[in-house]
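Enquirer: These are the residues of each chain, in order.
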Amino acid sequence: MQSRSWLLRPFSERSTQLFIGVLLAALALVTVLHLAVPAGHPLNVTAYTVNLFGKYLSYALLAVAVDLVWGYLGILSLGHGAFFALGGYAMGMYLMRQIGDRGTYGDPVLPDFMVFLNWESLPWYWQGFDMAWFAFAMVLLAPGALALVFGWLAFRSRVTGVYLSIITQAMTFALMLAFFRNEMGFGGNNGLTDFRDILGFSLRNDATRLGLFIATGVALALGYVICRAIVVSKLGRVCVATRDAEARTRFLGYRVERFQLFVFVISAMLAGVAGALYVPQVGIINPSEFEPIFSIEIVLWVALGGRATLYGAVIGAILVNYAKTVFTGVMPDAWLFALGALFVLVTVFLPRGVAGLLAYRFKRQRRSSDDTATPQEASA
Amino acid sequence: MRNFPLPWSTTAQGGAVHADEVRIRTPWVLLMALAVSLLGLAHAPSTLAQDAEAVVLLEALDVDDYAAKGEAIDAIVSSDDERARDWLQALLDGRLQRTDDGRFVVVLDNRGRDWPVENALTGEALGEMSRRELERIGINNALRNQLRSALAVVDLYSPDLERRRASAERLLGEVDDDLSGPLAEVIEEATDDRVRERLSLALAIHRLEQGELEAVAELEGSLHPEVRVALNRAAQGDDPVLATSAGEALRGIEQTLKLNRAAETLYFGLSMGSVLVLAAIGLAITFGVMGVINMAHGELIMLGAYTTWAVQQLLPGQPGLALILSIPAGFLVSALAGVAIERGVIQFLKGRPLETLLATFGVSLILQQLVRTVISPQNRTVVTPEWMSGSLAVNDALSLTLNRMAVLGFALLVFVGLMLVMRRTRLGLEVRAVTQNRAMARSMGIRATRVDILTFALGSGVAGLAGVALSQLTNVGPNLGQNYIIDSFMVVVFGGVGNLWGTLVAGLSLGVINQVLEPWAGAVLAKIIVLVFIILFIQKRPRGLFPQKGRAAEG
Amino acid sequence: MSLLRSLADRDRVFDFLVPAASPVDVRHGPILYLEDVTVSFDGFKAIDGLDLTIDDGELRCIIGPNGAGKTTMMDIITGKTRPDTGKVWFGSRHDLLAMNEPEIASLGIGRKFQKPTVFEALSVFENLELAMAADKRILPTLMACLTGEVRDRIDEVLATIGLAGLRHRPAGILSHGQKQWLEIGMLLMQRPRLLLVDEPVAGMTEQEMERTAELLTGLAGAGKQSVVVVEHDMGFVRSIARQVTVLHQGSVLAEGSMDRISHDPKVIEVYLGAEEAA
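Residue numbers (UniProt numbering), protein chains in the order written: chain V, 1 to 380; chain R, 1 to 555; chain W, 1 to 278.
Keep in mind that the hints were calculated from the coordinates and are not lab data.
It cannot be assumed that every hint is accurate.
[Said to hold, decoys possible] Straight-line Cα separation of at most 30 Å, DSSO-like style, residue types lysine-lysine; simulated pairs:
no.: 1; chain 1: R; residue 1: K527; chain 2: R; residue 2: K258
no.: 2; chain 1: R; residue 1: K527; chain 2: R; residue 2: K540
no.: 3; chain 1: R; residue 1: K258; chain 2: W; residue 2: K266
no.: 4; chain 1: R; residue 1: K540; chain 2: W; residue 2: K80
no.: 5; chain 1: W; residue 1: K115; chain 2: W; residue 2: K45
no.: 6; chain 1: W; residue 1: K87; chain 2: R; residue 2: K350
no.: 7; chain 1: W; residue 1: K80; chain 2: W; residue 2: K115
no.: 8; chain 1: W; residue 1: K266; chain 2: R; residue 2: K540
no.: 9; chain 1: R; residue 1: K350; chain 2: W; residue 2: K45
no.: 10; chain 1: W; residue 1: K266; chain 2: W; residue 2: K224
no.: 11; chain 1: W; residue 1: K45; chain 2: W; residue 2: K266
Because the structure is a prediction, the values reported are computed rather than measured.
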């Protein structure tokens, strides 16, 4: 049953096979409906919709990252929006440098907002972002480094539970304030925008958008497999053990804070990738991604989909964001009511989320034993 | 894609007046003005004789020669006409004007297209006039100075003490040779200490400007900016003896000023801290007792603020009474809302603190949107009663705003009240018991559920009180609560959960730290620094400044 | 600045820097040695000048009235609580006061808590798997896979604690007594040199108690584990104890065989008196 290589283990699970299968089929279906069905046909998927789906998929990857730490490690991070945004900013910086001299002011090196602020030269931390490989590495390293420093400080002092939630929230709030400052050199209020092309492909091109959508789908599949591989490994069981009885795990000889840190950093990197894929598809990154409310909303996606299942996080992210698209189009005022009610109803009546409902149905049909972790009611 | 209003952004307020409204109003206003002026003419004969003299005085002003105008001003000053002061003031402000038909009027408000005016002689309102019908009596800078001095002297003899004081205040740095003589007389006659002190200071400045060395000694220790200006000028002057002596006096003053500035920073810090304490202390109670994070706490603060607004709407014209009534009303409204949240949501999530956090966050979204939909997405202004506006001048460099002082006092009062409730009442005892060890308290017959409800009502009610206080300092809007929630958490965590003293110390010190940092870091950076500081602090002392110790807390 | 210093102090960031735990040195006698240990909470002295020596392979019972400091003593040995003064040595090589919980655990000191804590979401099998002595660093844990050897070891322990039939059930559904055994089983998987067992039979039935007594006496022995049992139940203590230590108000009141202890007038006064009379 167990494969030799830890990364390939999830492929022997039926749930992963099903998830990857559905995801790839959906990607293929959207691609076909977009390319092969003529425009105007009821089955045609427009470029706009492809773009929208791409956005949902990057949110889904973000939700998977949050589920990894919340579902399996019991860490309710209210700071994943920050990791997402950092990945997004890294990508945004790359895209800004790609504009070259086509900006409003025509400066070959400086982005428009720097010219506007009368900056003489590129700040040191903008160096290197003209190279794709460097920028893509920073997509992983910037959120990873923040998570490493923050997590190391927090976990070694055994800051857990609601305390950790509060200080992660404070972290993202502080970053938001910082990124709003023009002096930070990230475009302040307006953020980074007016992107032209990525890796030489024009972002205004429908084909590029389709490519980004597919890339996001593939990234989601990879992220899912990585998380799943962690979860089904012995390390995943250590995580669950930490979640349910941290002190006990410590007495067994596991350095709990390092396991927490390891998983936290991986999760932050995945969030960064999600952000990096999100930015070229929406065409802008600004400090509002650091808003505390966004980070809490991500947790809601996971809660709605079902904690500690990973695929539940994907379902939740897509459901909530689809609902948001519909609501804000039809009656924008009602959306916050709906979102607020969703928070209350899910936590009170649906603690296991949609996935919990599905699992309950399946279990009635066959008592499966291959699910390693079931979500706990208690979350201390 | 997200369309939440940002917590820091203030909603743009529409201020545009519809153009057609103005167009329709204009002829009607003109008619009104005409009618009023006719009425004024009808009254005219009875006061005509008395006003003949006055007209002559005013006519003398309407000449092209500025020197002649100066003489005319002197004539008005010595005329003993009781309207003289208003004329001079209006002349100084450029509001003394003449209509097309030669009448003298005082413009009451010279903004906009049509100005409300009154007859300069009779004081009768003449309605609104177009600016094209009016011609201003111009003055130059020399006249302006003359007018100021003249006004000051006129005012120094005013029967109104406040006016005498204000006038003495204005004379600092304005005294010239012409004035110094009369002023010395006024000082002799002055009955009020403050008037005398100010005038002596004003004379001393004048004497310093004349190069008198003894004047420096008199100016020493005064913190008034005019004194500093005068000393500064003297210190850079040609007379070396005077310059050294003035320089020394200046250094002494700078030293005192530094202390005053520190005191001011401290005051602002304590004021900000008191707001934090008010906002956080209710949270400290609910979090400490129930281990529950109530993300809707900020919205309970907001409800308190809106209650103040609503009570003021019910009692128009009595902002003071309304504010006092708002205190129990705000407490009640927020306490009831808190109980509703506890019964409706939190009680179902016992032992699941993280889920509680999420659910109450949902409640906070609903409450915010509710206020936006039912009342308005725009800010509401709450009137500050007269006895709370203005400021208390400690000395010339330091004045403490009364509303902030009132909030500071209120915060301390609420704190003491809560301390008494916790220490002296049965509820307090039960609350402390449940905080220490819920299971044990329950087994000793304390009804933990009842304690939960009452604690939550208490904590929420205090949030309401915070809202009442905040309405006196900031605008009341749907985002009011959001702005304080993270800060409140920081205060509670910094101070140590379940410890009211900790909350007080943490709130006040965070306020002061923020104010100390602000001058050199800027408001936003100061805030970031404080947040980072707390994040680092929690790593070092995860249980805050004043942690609960012992076995129960370890569990 | 103290923060910076502590940042520099903590050189335990990288797994590969940590030396593999060196074996405990018991050539010079005792496996556990406590000298003049004192700890106080808010002025209350929970432990006051405690001296205690446990020999290799010994089975020791520690009794004492509530508040005598039994649990605090365990906390100190396992690194959960730092004493204000005193020495705590494991063998003659390891100063336990200089180590943290996982380090102490990997030296071979296993602890069973008063309240049984097993990982309820994981199966009985997985509980034992996690407890097993293995390379507990991150990457080895991530890549670990179940070898036949590991399975055999787990099966062996499952048989010892009598839970073989429940191996794939989540630990959350076990009865109280079964959880206690599972926890002892988890300790056995660690192959500890010293077992600290806190009230193992609280809430157990007669049969379960007998079974536990067998289990514990079977564990102790020269070259195998040393076992320290903290227990309230005198009958149970009598059934397993060779050496008994009585704690009172944070220090040792008496030490010796069960017979000697039960006739010691001081002990009778503070503790046994009430119980024997009942």
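Enquirer: Now tell me if each hint is right for this structure.
Expert: Going down the list of hints, with the structure as the test:
1. Pair hint R/K527 plus R/K258 holds up; C-alpha atoms about 24 Å apart against a cutoff of 30 Å.
2. Taking the CA atoms of R/K527 and R/K540, the gap is near 20 Å; set against the 30 Å cutoff, the hint holds.
3. Restraint check for R/K258 and W/K266: the C-alpha separation of about 70 Å exceeds 30 Å, so the hint is violated.
4. Restraint check for R/K540 and W/K80: satisfied, since their Cα atoms lie roughly 17 Å apart, inside the 30 Å limit.
5. For the hint linking W/K115 to W/K45, the alpha-carbon distance of about 24 Å falls within 30 Å, and the restraint holds.
6. For a cut-off of 30 Å, the pair hint linking W/K87 to R/K350 is broken: about 43 Å separates their Cα positions.
7. For the proposed pair W/K80 and W/K115, the alpha carbon gap of about 16 Å is at most 30 Å, so the pair holds.
8. Of the supplied pair hints, the one linking W/K266 and R/K540 is violated, its CA atoms being roughly 45 Å apart against a limit of 30 Å.
9. Proposed proximity of R/K350 and W/K45 is contradicted: the alpha carbons are some 35 Å apart, above 30 Å.
10. Proposed proximity of W/K266 and W/K224 is contradicted: the alpha carbons are some 34 Å apart, above 30 Å.
11. Distance check on the hinted pair: W/K45 and W/K266 sit about 21 Å apart at the alpha-carbon level, within 30 Å; holds.
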